[in-house]
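So the protein sequences, as listed, match chains E and U.
Residue numbers in the first sequence follow the working numbering, run continuously in steps of one, and reach 523 at the last position.
Residue numbers in the second sequence follow the working numbering, run continuously in steps of one, and reach 1168 at the last position.
Treat each hint with caution, since some may be false.
Quick list of in silico lysine to any residue cross-link-like pairs, SDA-like style, CA-CA up to 25 angstroms [said to hold, decoys possible]: (1) E:Lys98 to E:Leu120; (2) U:Lys1141 to E:Leu9; (3) U:Lys1141 to E:Met149; (4) U:Lys1141 to U:Gly1076; (5) U:Lys1141 to E:Leu12; (6) U:Lys1114 to E:Ile179; (7) U:Lys1032 to E:Arg299; (8) U:Lys1141 to E:Gln497; (9) E:Lys141 to U:Gly1130; (10) E:Lys98 to E:Gln497; (11) U:Lys1141 to E:Ile179; (12) U:Lys1141 to E:Val320; (13) U:Lys1141 to E:Pro150; (14) U:Lys1141 to E:Ala146; (15) E:Lys45 to E:Glu87; (16) U:Lys1141 to E:Pro145; (17) U:Lys1155 to E:Asp322; (18) U:Lys1155 to E:Ala284; (19) U:Lys1155 to E:Arg296; (20) U:Lys1114 to E:Lys141; (21) U:Lys1141 to E:Arg296; (22) E:Lys141 to E:Pro125; (23) U:Lys1141 to E:Glu130; (24) E:Lys98 to E:Leu9; (25) U:Lys1155 to E:Gly177; (26) U:Lys1032 to U:Arg1042; (27) U:Lys1114 to E:Pro150; (28) E:Lys141 to U:Tyr1133.
To be clear, the hints were calculated from the coordinates, so they are not data collected in a lab.
Keep in mind the model is a prediction, meaning the values are calculated, not measured.
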Amino acid sequence: MSTLRERILRQLGSAVEQLASSAPEQIPLFRAQREQFNEAARTMKYAEARLVAEWATDETGFGRGFAVYACYNRGTEFLIVKSELPEDDPSFPSIYRKYVSSWRFERQMKSLMGVAPLGLPDSRPWIKHEDWPPNTWPLRKSFDPATRMPRVEGSYRWIRAEGEGVYEIPVGPVHAGIIEPGHFRFQAVGEEILNLEERLGYAHKGIEKRFEALSWEEGARLAGRISGDTTVAHALCYSRAVETMTGCTPPERALWLRALLLERERIANHLGDIAAVCNDVAFAFLFFQFNILKERLVRTNGRLFGHRFMMDRIVPGGVVADLETGGIGEMLEELDRFLPEFERLVVMYDNNPSLEDRVRDTGILAPDTARELGVVGIVARASGQALDSRIQCPFPPYDSMVPDIPVYSAGDVNARVWVRIEEIRASVQLIRQFLETAPEGELRVPLPVPAPGKSGLALVEGWRGEIACWVEAGPKGEINRCMVRDPSSVTWLGLEQCIHGNIVPDFPVCNKSFNASYSGHDL
Amino acid sequence: MFRILHQIFRTGVVTEPLPVEVEAEVIETGAKLEEAIRRKFRRSLVIRQVDAGSCNGCELEIHAMNNALYNCERFGIHFTASPRFADMLLVTGPVSVNMEIALRRTYLATPAPKLVVAVGDCGCDGGIFGESYASLGGIAKVIPVDARIPGCPPKPADLLAGILKVIE
Chain E
1 MSTLRERILR QLGSAVEQLA SSAPEQIPLF RAQREQFNEA ARTMKYAEAR
51 LVAEWATDET GFGRGFAVYA CYNRGTEFLI VKSELPEDDP SFPSIYRKYV
101 SSWRFERQMK SLMGVAPLGL PDSRPWIKHE DWPPNTWPLR KSFDPATRMP
151 RVEGSYRWIR AEGEGVYEIP VGPVHAGIIE PGHFRFQAVG EEILNLEERL
201 GYAHKGIEKR FEALSWEEGA RLAGRISGDT TVAHALCYSR AVETMTGCTP
251 PERALWLRAL LLERERIANH LGDIAAVCND VAFAFLFFQF NILKERLVRT
301 NGRLFGHRFM MDRIVPGGVV ADLETGGIGE MLEELDRFLP EFERLVVMYD
351 NNPSLEDRVR DTGILAPDTA RELGVVGIVA RASGQALDSR IQCPFPPYDS
401 MVPDIPVYSA GDVNARVWVR IEEIRASVQL IRQFLETAPE GELRVPLPVP
451 APGKSGLALV EGWRGEIACW VEAGPKGEIN RCMVRDPSSV TWLGLEQCIH
501 GNIVPDFPVC NKSFNASYSG HDL
Chain U
1001 MFRILHQIFR TGVVTEPLPV EVEAEVIETG AKLEEAIRRK FRRSLVIRQV
1051 DAGSCNGCEL EIHAMNNALY NCERFGIHFT ASPRFADMLL VTGPVSVNME
1101 IALRRTYLAT PAPKLVVAVG DCGCDGGIFG ESYASLGGIA KVIPVDARIP
1151 GCPPKPADLL AGILKVIE
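Okay, chain E solo, but in the shape it has when bound (with noise of 0.2 angstroms):
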C-alpha cells in the first residue's frame, strides 16, 4: 500500500509542493493550490486517512494573505495540506464532502477568521453567535484584541421538525447541575429523541488570539487553561509543540515525569466520569464510592507535585516539578491499595442487572459513523476504532512502554464505560513500569528562540483522546498561531448521532458517557 505522501503526489503531481519549514520532519507539509485543496481531501479520503483537523492562518505578517490547512492521519502516518489563500478573496474549496466533521471546522474558521469555504452548504456562524457584529473576524491580525463587541441583532436557524406530536426541548446554557455552559436543543415525539442540535460556544473566551499576546513560556500556562480537566495533556501537548517547531529535546527525566502526570490525569478522570455515569442512572453508591477513590489520588498529586490538577508543572523545555525519593514507594503503595479497591467495584459495576439495562444499548454510535465522523479517543475506542496518539505517533517513554489499549465495537455507554475501566487499570500498569525505571538527571533545558515562519504539530493523547496543537512563529520569531484541536471538537459530533431513537431521559447519560469539554471546545 503507497504512503499517504505518495498518494498526495501522485494525485496531484506538479499543484502540490513539500515544504521544510514544518516540524516535525516525519509530518510532512504540502502546499497545494487553493483549487486542489479539495481534491488532496479526496485522495486522503480514498486512502481512508482522517481528518484530523482542519484551520485557517493570517499570513499577512509574512506579507502573504491568509492560509488554510487539513491534516490527515492514517495509522501511524501524518500529513498536512496546506493553501494559500490572496487577502482580496479568501475562499477555498470546501472538504466538507469528503470529511464530515470539517462542517464545523469550517464554519469556525469562517466565524473567526472569515475565510470563505465554497460549497459549505451550512452558513451558519460557529463558536460567534448571531448577535455578534458581522464582519469581524477576532484571528486575523487586523483585529484588536481589545475589541469590545456590540450586540447586534440577529438570528440562528435551528433545525426544525414538523408533525403531529412533535414537541422541542431546549436546554441550556446554563445546565442543571454543576456543569458547563452549552445549549441542546431536541426534537421528540412522547419520551423518543428524533433529533439533538447542540449549539456552542458559550464558553469561548478567545483562547487562541489570547495566546497571540503571550511568549512562548506563558502560552503552557494558557494551555494549561484551555480545558481545566485535561491541565496536564492540553499544556503536555502544547510544550511539545514548540520543542518540535525549535527541535528542543527535554532531558530524559523530564519526558519521564510527563507521562507519569498524564497516566495520573486519565486514571483520576476516568474514575469521575465512571461515578458520574453511574449517577446518572441513579446509582449513588458507586458515585459516592469511585469519587471516594478519584480524591484520594488527586490529594496524592497534591502532596507530590503540589497541585490536586497537577496544573503548570509542563512548560515548555521540560517540567518544573520533581518526584523526590520517597514519592516513588509513595505511589507504588497507593496503587496496591488503589487497585483492588477499584476492582471490587467493578464488579459490582458489572453484576448490576438494573445499571446494566440503563448503559447496555444506549447511545449507541455505531463503528462506521464513528469512522465517517473521526471521532477519537475513548469514544473511538468504544465504537472500534483502535485510535490512540501514544501508539500512533509515540514520545518517550512510550515509544519503549506502550500502554495496552482497549478496543470495544458496541459503541453504548456501556462500551465506553469499559474502555474508561480497561483504560485505568493499563495506566495502572503503565505508571508501574516507569516506576521501574526512573532516569535521573536535569529537569528543563532552555528553549531556542524559533525561526521565524517554521511551525511544529503535536498530538497528545489526553484522557478525551488525541489533542492535536498546531504552532507557527511569527516574522519576529513570536506566536503568530496557535492552533488547539481538543478530542471534544470531533466527539460532540458523536454525541449528536448516537442520540436518535433514544429516550430522553436518557440523555444525561449518553453525555456523560462521551463527556465533551465545551471550554476545549469553545476556546
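Given the coordinates of chain E, work out where chain U should sit on it, guided by the hints.
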C-alpha cells in the same frame, strides 16, 4: 446486593476526619459553617452554581466539595438545579461574551435576598483570559458580587472557607 452491603460496611464513614493536613481546617470551617447556616439560613444554604465561561477547573473542585470526604451537605450546603430556590450564586468565570446574557438572566431569576460569590482567579478578575473581545473579565463586571474566592482553582477547603466568610 450482598456485595454492595459488604462494601458499605467495609468503607465505613470516610468523611473527614482523615489523617491529612486539610482535615483540621475543614473540621473547623465546617463547624462554623454549620452554626452560621443554622442561625441565618434555617440549616440549609442552597447554592446555584453558574459556569459563566470557565475552563472547568473550578467545577472539579466544586464537585469535590460534594464528595464523601468533604461532604458539604453535612454542614447544610445544598446545590440546586434552579436559581429560583437559591440563596447564593457560586459563579465561575471569566464571563464570556456569549454567556453574559444567560448570567444576567440567572441572576434576575434568583429571588432576593441573594448572595453572589465569584470563584477562582478568573471569576475574580478574568485571570489569564483577561478582558478581550470574547471575555468580559471577572463576574463583578456583569452582576454585583458579594465575595470572591481566589485560586486556580480554589481547593475544596478554600471554597468552604470562602462561603463561610460571606455568610458570617
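Do the hints match the structure? See the list:
{"no.": "1", "hint": "E:Lys98 to E:Leu120", "result": "holds, 11 angstroms"}
{"no.": "2", "hint": "U:Lys1141 to E:Leu9", "result": "violated, 54 angstroms"}
{"no.": "3", "hint": "U:Lys1141 to E:Met149", "result": "holds, 15 angstroms"}
{"no.": "4", "hint": "U:Lys1141 to U:Gly1076", "result": "violated, 30 angstroms"}
{"no.": "5", "hint": "U:Lys1141 to E:Leu12", "result": "violated, 54 angstroms"}
{"no.": "6", "hint": "U:Lys1114 to E:Ile179", "result": "holds, 21 angstroms"}
{"no.": "7", "hint": "U:Lys1032 to E:Arg299", "result": "holds, 24 angstroms"}
{"no.": "8", "hint": "U:Lys1141 to E:Gln497", "result": "violated, 38 angstroms"}
{"no.": "9", "hint": "E:Lys141 to U:Gly1130", "result": "holds, 19 angstroms"}
{"no.": "10", "hint": "E:Lys98 to E:Gln497", "result": "holds, 18 angstroms"}
{"no.": "11", "hint": "U:Lys1141 to E:Ile179", "result": "holds, 22 angstroms"}
{"no.": "12", "hint": "U:Lys1141 to E:Val320", "result": "violated, 34 angstroms"}
{"no.": "13", "hint": "U:Lys1141 to E:Pro150", "result": "holds, 16 angstroms"}
{"no.": "14", "hint": "U:Lys1141 to E:Ala146", "result": "holds, 15 angstroms"}
{"no.": "15", "hint": "E:Lys45 to E:Glu87", "result": "violated, 29 angstroms"}
{"no.": "16", "hint": "U:Lys1141 to E:Pro145", "result": "holds, 18 angstroms"}
{"no.": "17", "hint": "U:Lys1155 to E:Asp322", "result": "holds, 22 angstroms"}
{"no.": "18", "hint": "U:Lys1155 to E:Ala284", "result": "holds, 24 angstroms"}
{"no.": "19", "hint": "U:Lys1155 to E:Arg296", "result": "holds, 14 angstroms"}
{"no.": "20", "hint": "U:Lys1114 to E:Lys141", "result": "violated, 43 angstroms"}
{"no.": "21", "hint": "U:Lys1141 to E:Arg296", "result": "violated, 37 angstroms"}
{"no.": "22", "hint": "E:Lys141 to E:Pro125", "result": "holds, 20 angstroms"}
{"no.": "23", "hint": "U:Lys1141 to E:Glu130", "result": "holds, 22 angstroms"}
{"no.": "24", "hint": "E:Lys98 to E:Leu9", "result": "holds, 19 angstroms"}
{"no.": "25", "hint": "U:Lys1155 to E:Gly177", "result": "holds, 19 angstroms"}
{"no.": "26", "hint": "U:Lys1032 to U:Arg1042", "result": "holds, 14 angstroms"}
{"no.": "27", "hint": "U:Lys1114 to E:Pro150", "result": "violated, 30 angstroms"}
{"no.": "28", "hint": "E:Lys141 to U:Tyr1133", "result": "holds, 14 angstroms"}
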